[in-house]
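Protein chains: 2
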Amino acid sequence: MSLTMCTLGIHGAPMRYSEVSRNIPGVSQKMLTQTLRSLERDGMVRRTVTPVSPVRVDYELTDLGRSLYALIAQVRDWAHENADAVDHARATYDKL
Amino acid sequence: MSLTMCTLGIHGAPMRYSEVSRNIPGVSQKMLTQTLRSLERDGMVRRTVTPVSPVRVDYELTDLGRSLYALIAQVRDWAHENADAVDHARATYDKL
Chain W
1 MSLTMCTLGI HGAPMRYSEV SRNIPGVSQK MLTQTLRSLE RDGMVRRTVT
51 PVSPVRVDYE LTDLGRSLYA LIAQVRDWAH ENADAVDHAR ATYDKL
Chain R
1 MSLTMCTLGI HGAPMRYSEV SRNIPGVSQK MLTQTLRSLE RDGMVRRTVT
51 PVSPVRVDYE LTDLGRSLYA LIAQVRDWAH ENADAVDHAR ATYDKL
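These protein sequences, in sequence, are chains W and R.
Quick note, the first sequence lines up with residues 1 to 96 if you use UniProt numbering.
Quick note, the second sequence lines up with residues 1 to 96 if you use UniProt numbering.
A portion of the hints provided could be inaccurate.
Copies of the same chain look alike in the list, so a pair counts if it works inside one copy or between any two.
Claimed, not checked - EDC-like cross-link-like pairs, simulated, lysine to aspartate or glutamate; straight-line CA separation at most 16 Å:
#1 Lys95 <-> Asp42
#2 Lys95 <-> Asp63
#3 Lys95 <-> Glu40
#4 Lys30 <-> Asp42
Calculated from the structure, these hints are not laboratory results.
Extracted from the complex, chain W is given alone in its bound form (with noise of 0.2 Å):
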């Protein structure tokens, strides 16, 4: 759910559907359009779809999901930030 949104959000404009998955390696087409599907439903994503041949559809975060995005991307800061900190302290414990 947080990659998705991740991937939307650093991207920061529509993006197919096609583009999301090249961007979260290993992710099946499933679990991806579940996720999509499930982030929509709850109002983090907006589903665009455009009537041209063939079809294209265009996913987008809304508002509410920049918001939330926000929040993910400073505790995916955090974690890159404080990784070594966390490395040393599991260290320290082992060895207790």
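Go by the hints and put chain R onto chain W.
Chain R in isolation, oriented as in the chain W frame:
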């Protein structure tokens, strides 16, 4: 994990195991013990043993723990503030 951090974060001072447990209805002793141990290992929680009789054991957030708790608290508050918007989006989606 986040419930335990929120319990310690909200209290803002060392807590005994029984106090933490009382604040997380339904948590098993095994789960809480594992969670506290894991948080201690990750450097989020400090476990202090006071050699009195009976021995006193207290748990509190470390600075690292408090910095993560600050983000968790924001996500918790976001969820409270936006629960109605998510419910509304779900109701609208389910009518499609």
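Here is how each hint holds up against the structure:
1. When the C-alpha separation of Lys95 and Asp42 is checked against a cutoff of 16 Å, the pair qualifies only between copies, where the shortest distance is 13 Å, while the shortest distance within a copy is 45 Å.
2. In this assembly of identical chains, Lys95 and Asp63 lie within 16 Å of each other by CA distance neither inside one copy nor across copies; the values are 47 Å within and 21 Å between.
3. In this homomeric assembly, Lys95 and Glu40 come within 16 Å of each other (Cα to Cα) only across copies, at 13 Å, whereas the closest approach inside a single copy is 47 Å.
4. Proximity of Lys30 and Asp42 under a CA criterion of 16 Å is satisfied in neither setting, with 18 Å inside one chain copy and 34 Å between copies.
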